[in-house]
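Undergrad: Each chain is listed here by its residues.
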Amino acid sequence: MPVTNETILQWLQRSAQVLHENNAYLTELDSAIGDADHGSNMDRGFNAVITKIADMQEADIGTLLKTVGTTLVSTVGGASGPLYGTAFLRAGMATTGKKALETADIVAMFEAAVEGVKARGKAQAGEKTMLDALIPAIEAGKQAQLEQVDIPELLKRMAASAASGMQSTIGLTATKGRASYLGERSVGHQDPGATSSWLIVQALADTVAS
Amino acid sequence: MPVTNETILQWLQRSAQVLHENNAYLTELDSAIGDADHGSNMDRGFNAVITKIADMQEADIGTLLKTVGTTLVSTVGGASGPLYGTAFLRAGMATTGKKALETADIVAMFEAAVEGVKARGKAQAGEKTMLDALIPAIEAGKQAQLEQVDIPELLKRMAASAASGMQSTIGLTATKGRASYLGERSVGHQDPGATSSWLIVQALADTVAS
Amino acid sequence: MKKLINKPEDVVRDTLLGMAGAYPDLLNVDVEQQIIVRKDAPVKNKVGLVSGGGSGHEPMHGGYVGYGMLDAACPGAIFTSPVPDQMLAATRAVNGGAGVLHIIKNYTGDVMNFEMAAELGAGEGIEVVSVVTNDDVAVQDSLYTAGRRGVGVTVLLEKIVGGLAETGAPLKQVAELAHKVNSQGRSMGMALTSSTVPAAGKPTFELGEDEMEIGIGIHGEPGRRREKLANAAEITEILTNPVVDDLGLKAGDEVLALVNGMGGTPLIELYIVFNELQRILKGKSISISRSLVGNYITSLEMAGCSITLVRLDEQLTKYWDAPVQTPALRWGR
Amino acid sequence: MKKLINKPEDVVRDTLLGMAGAYPDLLNVDVEQQIIVRKDAPVKNKVGLVSGGGSGHEPMHGGYVGYGMLDAACPGAIFTSPVPDQMLAATRAVNGGAGVLHIIKNYTGDVMNFEMAAELGAGEGIEVVSVVTNDDVAVQDSLYTAGRRGVGVTVLLEKIVGGLAETGAPLKQVAELAHKVNSQGRSMGMALTSSTVPAAGKPTFELGEDEMEIGIGIHGEPGRRREKLANAAEITEILTNPVVDDLGLKAGDEVLALVNGMGGTPLIELYIVFNELQRILKGKSISISRSLVGNYITSLEMAGCSITLVRLDEQLTKYWDAPVQTPALRWGR
Ligand SMILES: Nc1ncnc2c1ncn2[C@@H]1O[C@H](COP(=O)(O)OP(=O)(O)O)[C@@H](O)[C@H]1O
Ligand SMILES: Nc1ncnc2c1ncn2[C@@H]1O[C@H](COP(=O)(O)OP(=O)(O)O)[C@@H](O)[C@H]1O
Ligand SMILES: [Mg+2]
Ligand SMILES: [Mg+2]
Ligand SMILES: [Mg+2]
Ligand SMILES: [Mg+2]
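Chains as they are written, first to last, in UniProt numbering: chain X, 1 to 210; chain Y, 1 to 210; chain U, 1 to 333; chain G, 1 to 333.
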């Protein structure tokens with residue numbers, strides 16, 4: 001069963017809810033190695049997204065995701081605004097006109113998103129950023145695609161890889177983003193952006209599973 | 001045995017020492033109902049006094065006390081500077097030219113000092129100020145003079161009355177000085193100026209007794 | 001105690017040395033005599049304006065010395081009135097032949113020390129007139145007490161009266177304007193935290209996470225009452241209403257509004273309070289025609305604010321607008 | 001959390017409303033679009049200067065909008081870079097036909113959001129050039145990291161470059177001067193306490209009574225290292241020496257010195273730090289020919305300070321001295 005535009009809407013709503021519930025947690029992570037705003041940034045952005053997509057039941061997935069992207073760019077600010085904004089914009093461009101996504105579409109959508117984050121943020125794997133959750137996720141997705149598993153299983157594996165990628169940030173020294181100012185002191189703390197990335201991927205896996 | 005200029009010098013030195021030792025205590029009292037500076041004010045002033053009178057072994061008591069008065073005026077500031085300054089100036093005027101004080105001189109000296117404080121501060125008994133230690137002290141002094149006790153005993157009684165006067169300030173509502181701004185909230189706290197006044201009178205009693 | 005200081009006993013001296021270096025074109029700082037004097041003092045035939053008080057209220061008063069405001073300031077020890085020697089030295093330094101006005105905040109210590117200085121100045125043939133500010137409505141005015149404290153109005157008075165003095169107006173007229181400004185202004189303040197006197201080494205009072213002090217002065221002392229913490233809108237009401245009532249402000253009145261920080265409160269919060277103040281006054285049809293928002297009369301690192309309103313007329317507005325050039329207030333030149 | 005605010009989510013809006021009321025003659029505040037624009041913008045044939053960043057650094061940047069400095073500021077949420085929409089709206093509002101300079105502090109978020117805004121502005125045919133400040137010597141500069149933070153130099157740059165822009169100089173020249181000021185300036189900061197982001201509700205970090213953070217930025221974040229509390233003289237050494245070394249200051253050099261408070265530190269302490277700074281520089285025969293002491297680029301209510309030095313030459317001095325009329329910096333008019 002493909003992922004429909006209705007599933008995507010549910011995913012976005014679930015993401016908004018999960019990010020809202022984790023507002024304080026994300027901010028706490030950002031307090032340790034950043035500036036204590038990642039939770040409120042994500043919550044503000046996805047709250048705006050929910051309002052924006054409220055009447056978009058008929059829209060195709062590309063339009064939906066592009067709307068999410070521009071909304072995040074216009075409401076989040078900080079580092080995460082342009083990064084998540086670009087991610088969703090690119091995801092939308094990769095799914096233009098589609099009302100349903102097959103396995104290959106899903107992988108392509110995530111790949112486009114991650115490439116967008118890399119381009120916008122000029123970062124790569126191992127720099128203690130959201131990419132450390134997103135890159136393992138997309139790699140797991142590709143591997144699952146090769147293994148021809150079904151979509152729920154593919155997303156489950158992506159989410160699991162995002163989770164372990166997120167955990168791996170604890171041991172990393174930050175070289176990009178605000179945490180890089182802390183140098184060695186950034187080690188021992190989990191990256192907030194990697195955490196919100198995992199939450200969003202997990203939300204899709206959970207939406208599709210249920 | 002009369003009180004000599006040497007005794008007065010010893011008294012001033014002892015006062016400086018006692019005020020220095022009670023710096024933190026006086027400031028703590030002033031924190032509760034004032035601005036947390038009475039201890040350092042008195043310590044600074046009497047420290048300057050000690051330097052000033054270091055070479056005044058030959059001076060008469062009047063000259064000594066007037067020097068104390070002008071030094072306090074010039075170094076203490078706040079409310080206590082002009083008040084203690086005036087007190088010592090007036091005490092010095094009441095003892096001009098004397099190298100020894102008999103009972104009557106001592107009573108007159110304190111009376112002049114207390115009148116000076118009243119005139120300078122426009123306050124009276126019961127307003128929760130240093131006068132609530134000084135007025136009972138001078139009254140006890142006059143009574144002791146009537147009873148013709150010796151000088152050590154007279155000063156002992158003055159100090160005891162200053163002490164109970166000081167304690168009586170705990171129950172009073174301040175109507176003068178900084179504590180008056182607290183209104184009813186000033187009740188329950190001992191007045192810092194009454195406390196330093198007691199310390200100074202007690203220092204004389206102790207000097208003469210030893 | 002966490003402060004950017006060396007030794008507590010060096011705080012005033014180090015501050016004066018710092019000010020001397022920061023404003024070499026505006027100020028002559030005499031570290032020995034502990035006075036801050038306008039660079040071009042004494043200005044011939046101009047009334048000299050002298051103020052002073054304990055340190056710990058920066059930028060008051062040293063930051064208000066300069067063209068169009070004070071001619072000299074005497075900073076005492078922290079929260080301690082300066083001594084008559086300082087005031088006398090300042091009075092001498094600014095006497096340009098037209099007499100000297102002492103601007104005194106109503107505290108027993110300040111009043112008595114200035115009194116002694118004025119006597120000494122008069123003894124030297126300098127004409128000295130004193131004006132005492134007492135604008136704090138948190139304290140009830142009474143003949144039988146020390147009366148109201150002088151707080152925020154002092155700053156505004158120094159500016160307005162400084163403007164008049166710069167025109168060469170005689171001492172009598174300058175003093176009259178000072179009395180007028182004082183009579184047209186009222187203030188009230190509150191604290192979110194205590195401050196710490198360096199020599200004391202610990203906070204003057206303790207306040208719970210959900211408490212605030214209402215009706216504080218500027219010496220780090222507790223206020224008239226302790227209340228449960230409120231939001232900016234409620235706090236601004238608590239401070240503004242007694243000021244408006246006591247001053248008898250009516251619809252149509254124009255005011256100069258000062259939203260003042262106590263030292264540890266950032267500007268962003270003061271703008272929020274100012275916004276609440278303009279909302280409240282708008283509701284009463286009182287218009288804020290001039291305003292000042294910032295840390296102008298402080299209490300070391302205390303967090304909190306005070307609100308001062310001065311009823312304006314043409315004269316007061318004119319001298320408020322007149323050019324001023326001091327470390328802390330500057331416009332028109 | 002003890003703050004003079006209403007709801008955390010209303011802090012920026014309430015602040016903008018307050019600023020609008022406090023400076024009706026200087027600023028147009030667009031609360032909807034969250035931008036603060038110079039009253040007379042766009043100024044014809046003048047390069048428009050736009051800056052912006054998270055709120056919580058007041059008076060930066062909104063307090064620097066006005067004659068001789070910025071044409072517009074875009075305040076984001078607390079410690080959060082504003083969004084491209086704000087920057088674009090500001091860019092449009094100040095474009096007087098001579099192009100617009102974006103002054104960006106080097107933070108990943110600020111850089112990316114301004115980048116997007118510049119692309120959008122260019123798409124509308126507005127010539128936009130960007131300059132990124134990166135003066136914080138606490139952070140090592142490297143091609144492989146996010147690089148140094150932009151801190152105190154930003155304020156001084158806005159003033160100096162604003163002075164040149166006011167003369168009608170072309171965008172290329174204005175941008176060149178901006179790069180020059182940035183290259184001639186360095187900063188370093190420290191904290192005695194943490195600040196509290198309103199939405200977070202508790203201090204960003206905990207610090208013991210005898211500890212301080214060295215090498216902080218302006219977003220309430222912990223610094224490069226934690227050290228035992230020291231006195232003003234020692235702290236000033238710790239901050240000044242890396243600045244002097246990195247800038248390669250030599251005997252005979254003249255500097256503009258900024259001793260900046262982080263928001264919760266009272267002015268009296270900043271004067272003490274300034275005194276230590278002048279002592280240290282005197283020892284190296286470096287002369288402070290211009291200076292600024294106060295809260296100019298803050299981090300909410302954080303206690304602490306930063307030191308910024310800019311090597312002066314005739315050109316920089318001239319535009320530093322040029323008239324300026326903004327809420328937070330004013331002289332010469
Ligand atoms: N250059 C970058 N590339 C990818 N992700 C980044 C980059 N810089 C920062 N991030 C991510 O952004 C997160 C912080 O977001 P947020 O706190 O909302 O913004 P800010 O750092 O501006 O306060 C970091 O935890 C990190 O995952
Ligand atoms: N009008 C007055 N008459 C007599 N004593 C006074 C008067 N006002 C204040 N005092 C005394 O001064 C003491 C405070 O002195 P101090 O703390 O040194 O000065 P300040 O109040 O200016 O800070 C009070 O405790 C009180 O005893
Ligand atoms: Mg952040
Ligand atoms: Mg006191
Ligand atoms: Mg005092
Ligand atoms: Mg941020």
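Hints are not guaranteed to be accurate.
Claimed, not checked - One side only, chain X facing chain G, incomplete, derived with CB under 8 Å:
(1) Ser31
(2) Asp37
(3) Gly121
(4) Gln124
(5) Gly126
(6) Thr175
(7) Leu182
(8) Gly183
(9) Val187
If you're looking for bench data, these hints aren't it; they were derived computationally from the structure. Source: prediction; values computed, not measured. The beta carbon of each residue, even a glycine, is placed where N, CA and C say it ideally should be.
Undergrad: List, from low to high, the hint numbers that the structure doesn't satisfy.
TA: 4, 5, 9
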